[in-house]
Structure formats: C-alpha cells, structure tokens
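Here the structure of chain A is known, so what remains is to put chain B in place on it, guided by the hints.
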Amino acid sequence: MDELLAEFLTETNESLAELDVALLKLERTPDDHDTLSFIFRLVHTIKGTCGFLGLPRLEHVAHAAENVLGKVRDGSLPAEPNTISIVLTALDRVKAIVTGLAATGAEPAGDDQALIAALDAVAAGEPPPSPVGRDNVPTGLAEGTPCEPAPPLETEASPPAATSPVFAPQPAAAPLAEPAVAAQTIRVTVEVLEDLMTLVSELVLTRNQLLQLARSQETSDFAAPLQRLSHITSDLQEGVMKTRMQPIGNAWNKLPRIVRDLSHEMGKKIELVMLGADTELDRQVLELIKDPLTHMVRNSADHGLEATADRRAAGKPETGRIALNAFHEGGHIIIEVSDDGRGLPVDRIRAKVLANGLATEAELASMTDAQIQRFIFRAGFSTASTVTAVSGRGVGMDVVKTNIEKIGGSIELKSEPGRGTTFTIKIPLTLAIISALIVAAAGERFAIPQISVVELVRANRRADGANPVIERINDTPVLRLRDRLLPLVNLNDLLALGATTQETGGAHIVVAQIGAAMLGIIVDRVFDTEEIVVKPVAPILRHITMFSGNTILGDGSVIMILDPNGIARATGIGASGESKAVGAAAADGSRSGDRTAMLLFRAGGPQPLAVPLGLVARLEDIPRETVEASCGAPVTQYRGRLMPLVPMSGSVDITAPRQPVLVFADGDRTMGLMVDEIVDVIEDRLHIELSAARPGLLGTAVIGGRATDVIDTGYWLEQAWRDWFRGKPKQEGARLRRVLVVEDSDFFRQLLLPTLGAAGYEVVGAASAAVALRLRDAGATFDAIVSDICMPDMDGIAFARIVRESGAWARLPLIALSGNAEPQDVEAGRDAGFTDFVAKFQREALLASLQQCLAEPVAA
Amino acid sequence: MTVDLLERPQAGIDEEQVFVTLTVADQLCGVPVLCVRDILGEQTITRIPLAPPEVAGSLNLRGRIVTAIDLRRRLRLAPPQAGTPRMSVVTEQGGELYALLVDQVSEVMSLKAGAFEHNPPTLSPEWSQFSAGVYRLDEQLLVVLDVGRLLALSNAG
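Going down the list, the sequences are from chains A and B.
Counting in the numbering used here, the final residue of the first sequence is number 2069, and the numbers go up one at a time with none missing.
Counting in the numbering used here, the final residue of the second sequence is number 159, and the numbers go up one at a time with none missing.
Derived from the structure by calculation, the hints contain no laboratory data.
Fair warning: there could be bad hints in the mix.
[To be verified] So the derived label-pair ranges between C-beta atoms look like this:
(1) A:G1566 with B:S112: 53 to 61 angstroms
(2) A:E1400 with B:Q29: 55 to 63 angstroms
(3) B:P127 with A:L1420: 50 to 58 angstroms
(4) B:P127 with A:G1707: 25 to 33 angstroms
(5) B:G85 with A:H1752: 27 to 35 angstroms
(6) B:P82 with A:T1407: 26 to 34 angstroms
(7) A:E1403 with B:A154: 56 to 64 angstroms
Beta carbons: idealized from backbone N, C-alpha and C, even for Gly.
Bound-form chain B, shown alone:
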C-alpha cells in the first residue's frame, strides 16, 4: 500500500498521508500508519539461532509470536550502545506479525504530498533499497521506509 500511495505523489499537492515517525541512528524515518499494528516498548526477545543476522529474535505479543527485525542491522548501521532501550513497530505481512526494532518512536504526522521527493540518486544502496522516498520537513528530512522490502529477507541469510 505504501508504494501505491507514493506512486502518485503528484495527484494533488494538498493530499495528505499519515506516517508514524521513528528514529534509527538519529535519522528520522516514517512508516505509513496503516501498516502499523502496534507500538511496543522494550520487550523480552528470544534469540533465534541460525537465523539471518537481521533477525533479532521473536517476542510474544498477546499470545502471538512476532519475529523481530533489527532495523539497524538491516540498514547496515552500527549496533546501539549496550543497555539502550529500544522500541518496536509491529506490522503485518502475509498473516505474520513482524516487529521492527528502532531506537525511538516519536509521533504520528500528516504529511502533504507536495513535500515528497523521490530518493536522491546518490543515496547509498543500503538505504535506497529500503526507502520509498523522502519528505522535506521544516527542520529535517524524513525517509519513508518500504516495509515490504524491509521484511523481504532472503533465505540465504
């Protein structure tokens, strides 16, 4: 659904889309609010041996097992300082729940399509493959994360 909405950013510059904003390694990012099922604080995460490195483990969300993906590792960023509490954005794909581990979840924002830009071609591939575009905010830039691609972990791990 992300892609769907972003493919027609010119449909009207006043059209608004709502994002849950989050930070990972000080970069502001956004996930379309409709993708988000839950926001969780620090959770107990069970490690999954032999899993791809991006998979942080699994956690229990009210009786459902959620696979946690570490966004920092997915974006090839340095691990956070030990002991820093992290938050999770829970999304659903193909009937399965996934939690994206992020540094901080901030607020829900309504953004005008007029502020949307495609990825700058110079963006590093680690980011451009997961970014669906950029919003120009007053203070900073917001990277729209493509949840589908973030979750498309190759089995080769």
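Isolated chain A, as found in the complex:
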C-alpha cells in the first residue's frame, strides 16, 4: 500500500476516535465553541486529505458532514441531538469506508447519496428525513438473531448501513479487520510474552547473584559495567511487564457512545460515570471482559434504570446513573457496575424461577432475597416482560457469568429495591505487578500488598512507657491507636506457624484497611517494599484463603502473598456470606455499607450488649480497690481526676479483683461505665430491629449473628452527669442555630439529636430525604443541614442536588455524614453540593464542621 495512504489511515483513525468523544461532549455542552471548532477542524482535515489523495466517496461524505458542522459553528443550526446523530452516522460511514480502504487499498464501492441528502437537508435547516434521526443510529443494536449472546457492538466491524433500510448496503470488504490502520502495533502471542517474562525473571536472578559476588570483591573492574547491566535489566523487566498491561479504560471507551445511543433510543436520561479507567490489567483478560461489561452496562440501562417518568415519581433525579469503577484489591481487579435504578425485583424473579422450574416453592421459601436474586445468573433467565432490541432476549447474565468464570473470576450482585443494583466482578490477575511490603513472622517471610497497608506501628508486648502497648481483652489483642481501638491478629497464630508467641519485646503492627474496617497484623519484622509479580498459587492450595498468590523475590526465594481480605474473613471482620464482597452501596458508588465496629460486652446477664466502638474513648480494667465512693456513688481516680462510675447492671460484682470499665469522654469530662466483661469487637451492619423496652437501651440488633441489645449512651452519660447534655454554655445571641438532621437510621438520629442539642443547637430530625424536602416545602427554616449519604429511596447525593437546585435551602451549609469518606465519595459529595464531609461517629469533627460552616457568613 501507498505509504501516504497508510499514514492517512492511521491519522484518520485517530481523528475519528477523537471525534466520537468530542461530538458527545458537544451534545452535552452545545455552547462549547472550542469543542465545536475542534470538531470542525478534524472533519475539515479529513475532507481535505481525501481530496488530495483522490478518495471521492470519503470526500463527499466528509464534505456533507462538514457543511452541517459549519452551520452549527456559525450558529444557524442548533447542536441538538438529531444534528449530532446525523453527524455521528456520517462518521460511522467514514469509518466503514476507511476500514474497506485499509483492507483493499481502494475505496469500497457504495452509494452514499441517501446519507448525503440527509446531511444536506439538516444543513439546510430542514428536519432530517424521518428515519435518519434515530433509527439509523448505527450501533448494531438491531442486529443479530434473537438468541445471540451478548452481541458485539463493534461499529467498525458492522457497517452501519447494514442495519439501515435507507442507505445502500456496504460492500463485503468492510467487515475485515484493520490491518494497515494498526500499523503502529503488532500482534504478539501471549506465549511469547510469557516466555520473555520468564527469561527476564531469570536474568534478574542471575544479575542479583552477580551483584552479590561483586560486593565481596572490593575493587573490581566489573563494578561499573555490572552496575549498567543491573540498570538495563531493571528497565527490561519493567518493559516486559508493561507489554501485557493495559488500562481498563480501553475496554470502556466505546461505552459512552453505546450509553448515549441507548438513552436516545429508550428516551431515558442516563449519565455514565467511569472511575479508575487507568487501572491496568492483563490485556488478555481485558479482551475477555469487554463483551460482558458492555452487556452489563446495556442491561443496567435497559432493565436497571426506570423510565424518566417513573424516576420522577419515585423522587429520584431524572437522570439515571450508571457507574463503572475499577480498582485493585488484594491481587485482584475489582470492577463494579452499578446503577441507581429500581433494583432487582425479587418477586418477579421468584415467579419466574417457579415458572421455569428452576426451584420449588419450598426451596424458594428458605432462600434469602440475595440468593433469589442470584437466579439471574442461571441459564435462560430474563425478567424483562417485553423483549427489547437492547436486552431481554432470554440470555445475558448467565453468559456474562460464564465468561467471567472462564477467566477465573467471580461475579457478585447486590441490589436494593428502589436504590439500584451493583454487580461486582472480581478478576484474579495472572500477571499483575503490585507493590508489596515484605514482613516476617516466626522466621518466614510474607508479602502484604502495599495497597491495603495504611501504616506501620511499633508496639510493645509489655508496657514500658515509651511505645504503645498491645493490650488484651480476654485473649484478643487490641491496640489503642489515636483514641480508637484497633483489633489485632497475630500472623504467627493466624498461619499456625508454630513459633511460641512472644510475651515480651517489641512487635510491628501492619495496619491494614479492609473495606471499611481496619485490622492490625502483628509481625516480628518489617523489611522493605518490593515490586512483585503476582502468580496464582497451585490449584491444590487454592482453598487457603489467606493467600492471594505467591511470587519470587529479587533474591530468588519464593514467598507467599497475604490476602488481607482473606485474613479479615478468617478473623470474622467484615464477614457475612453474600454481602461481603459487595459492600457497595449502589446509589452513591461508595464501597462500604453502613458497617460499624461494635464493642460487645456483658453486664448483668449472659446476653451480649453492644455499643459503637467509635463512641468509646478507652477501655480500662481497673483494680477493684481503686473504686472509691463519692457521696455514695462510685468514682475512681483517672488521670489525676475523679471519674464517676456508673454500674451498667444494678449490682456490681464487688468480689471480682478487677473491674472492666468503658470510658466515655467529652472534652475534659469522662465517665466510666462498669460492665462485667468485655467480649469482642466486631464489624457489622447496625440495624436496630426492636426498640427498647427499658431505659438505657436503644433497642435490639442482630450483631455477629446474635440478637444483641444496643445501649443508649446518652442515657448512661446522663446518669453520671445530670447536666451532660445541658452543661454547654448556650450560644451567644438570642436565636439558637437550627440544624436539620437527615438520617434514615433511628439509631444515629437518636445519637445525633442529643449530641447536637448538647452543643447548643436546636435540632430537627428527618427520617428520609423525602421528609426533609416536605419540611422545606412547608417553609421550615434552618441554618445548616447534616445529611447521611447512604439512605434508601433518595440518597444524600441526590438530596443535596435537589436542595442546591432551588428553593429556600439552596444556599445552606450542607454537611455529609458518611460511613467512609473515600476521596471519590468526597468528590461526588462536593459535586452534589455538600459543603463538608464528616465520618460517622466523629462527634468532634461534626461539631467543628458545623461551627465552621456557621461561622462563615452564609453565602448571600
């Protein structure tokens, strides 16, 4: 092929890819002159080069498209969807012709008169000939037999005109691959890359041996060249590793176009959010998940999101949201596909399961909703009552699941009625480079993925005054870390390494983040961080969930890679079957639900009691003799002051030598709650199911699988200090600041109201965003709003948008309460209009934030 032509093809393909993106951007922001000029310039260049190279078909199509764009640019034509659609159609035609050109070296034969006429009509300001506007949006959606699994949406591979009755059919040459176009890249089989990888690994090992030898000889002529060899080897290793990795964004880049076309076709407003597009994964894996992902996004758009009218009726923003989120987690790639639609209808799935004979009624009766929802992964299942062109062909999720499992992955789903559905795909990496911390316990070395390591803490096993001390509740080690209790596990015990647990001396604690929970792993030594290549463990070892893989270190030794998630599951943190991997709240894309670390203890009976760990300042185990009396009430000397002690149960066992105490603190005031025994710290969803029958308890919740009474800390604080909640000096000025608290959980609301009340605010609680909005419409006035993020029906993000949109509250400070404040959540919150973000239970932080927000003059 002509060199000039090859260059043109490469350039044009790049331009076309940019054009797609730019046009969609233009559609969203029709007034963006820069984008418009950019598009115009690109199309103009294509047209100009075509004329120069003598490619009449391309030239004519490009010319007609340029005409339309020209009118848009000089303002005589609005950049409305129909106009953009016709231009996109023209670009698809250009792509098809370019593909044919690349295959044969000459323009394929074909007739573009209809398309050009349509373009000219639009340019002339007439409405486009009827079918051109929408039906011909060439997405390939209408193609395929009804039972084709997850039809590919490659627009290049399926010439648009093939689906269009208006345009002339494309020549057969078009569907061929794009040989000349991809001249910049070459295809290499994976085996070649694998072999290269193995060779490089060996080279590294040999290099290391040489370096070791060179070190023993002080002056050697080899030193300098060896140093160079070493650098080159490192670069080579890096390069070879890179060859297999690609950002996942490459699999996503077609999705905006697909979603855009779908939203037009179905008349829904859809926003596609893509996070973590630069997460790299093995390109082979990438290819294999492309189609399943596309299918899932289309499913979300079609089944998941409600029609605009339904959304409005449900009090949701009209624009539905589909979010893709990719990230590394413990040697895996996690991809979440979530929508904020109607959720999976359990009833309809149940009916369908029965109708299809997939399970009996008795079996269904014993299943949880989550189990029933998983039926959508079974073959031959589709709940769409009408078969649309988009999905609902009776195949789908089962094919998706099979495809993902084929590459050793897994798929989980979580769905909440009215709030949406989240699919979580977990793909193990056959080859992923991660940074890992090398630690040792009982003389064995292990790697911990750096991504889950938050910090390293040095602690003593026995108190010596200098370093923090590992304390024990019963036999469970814990560490006080900045006024929080950190649950600890001993790597030696966990892995049954067999070394006798040391009772004294120093220890290193690796603080790991697991989902929303924190866990400290006690190790003997901490070495360095190293870049490692994760290799899967042998099949006979896959059942050991503590390891996510193994790797070879620079010195040639094999080392196991710890999986913090597996450790968490083994220790009971963040465990609980179905929901474990998919703690994602569908609507806001945050990755954890309302899981709360709870301190379990006993007092006056065998049944466990619970209190959120965040509310407890410290745990103390004081000798009995230090419990003294003040005016008949027990007190103890604590940090140089008297601390009132309140017995949790009516009678305190005064014969026990020691007294466990939960210390609550507020400013310089402390109070100790005397309990019988501190049992455990566990992480669970806090959902109060029964309200309390007696004072001092908030109600009963299922925590760690047991019915557990949750204590009302406010009540007990008042027992110690009658004025605990009244002691604060009232704010200056006549009027109390009014704060609205929007929080669906009764527990948190009950916790927040007295807390804020105590701080001198007048507080009104609302159990949902809808209730709050009714207050607004009823004319209630406030100085600030504190809102939860994760709420059913309408979440905090949506609430914030509505508040900001209009009405009397549009300018009020809005503070978000969130179980976890990850950067992307904070960003989403700020986008929605939140003024500040405060983690739940951070009482001080909330008060500080409120004070700050209210101190600044509210934007007038």
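Chain B in isolation, oriented as in the chain A frame:
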C-alpha cells in the same frame, strides 16, 4: 499417560517403557520418563503455612514457582533423618509444576512389559492407591508411581 500405557501390558512382552527410578525409604520406585520435566538436587523450599501436610512448600525453578510434595509424607512414611539431602522429580500437571521430594533419584531404565504385574491385592492402601503396578527386576521390585493420583491432594488437606 501412565495409565494408558499400563492398561495394556500384554500388548507385547517385548514392548519397553522408560522409567526414571528413584528411592523413597529404601523402596525402588519408577515414574514414566515422559512425565518428568526436571531432576533437581537439594533446593531451598519455602514453607506454605496452612497447606496440607503433604505439601512441603514451594521452590523457584528458573523463574517458575513449583509446589513441592513430600513423597514420604504422601505415602505415610516416617520423615527422613534431619539433614539428609533430598532430590526432586519435577512433573507438570494442568500447566502447573510440581516437585516430588524423594530420597534419591538413581537412573533411567528401560523395562519390558513382560516384567509388569498388577498390584498384589495385599498391598497396603497407602501404597496401592498411588501405585500403578509393579515391575519384577532381577534384584528387587520397582513400584510404578501414579503421578496423577499423587498430585490429587484433596482440598480438605
């Protein structure tokens, strides 16, 4: 492939099969040579915590991670004396490499099918489940090890 060849020992008494012979606790054993990828001397083996007891650990064979299975433990034999160097026979199954830790690897032998016998029914189950049969040699008996079954460790460990 082992089974395949052994199922027709009568195909011709002169037909020969080639084995790598090895000893474990003084018993001569054989592994079909085609199963063997490598013979290794004493290696540094990384222990794998929580693994089944038969898994001795993993080792690095030219950049590939090999899971080592202790043949003595697999056959419920006493552990070797401390400090005795051991050798490994590396085999491949399902794309994964495994090393069988043995006491000694001796030689490669060509054996006539006529000398093959099925397992004596009285052979203890620890052995019979991993033995594909026995060859009568002049001096001693050679037990043919079924590599597939040796590597089929149950996950229950």
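For this session: Please name the hints from earlier in the document that this structure breaks, with their numbers sorted from lowest to highest.
Result: The structure breaks hints 2 and 7; every other hint is satisfied.
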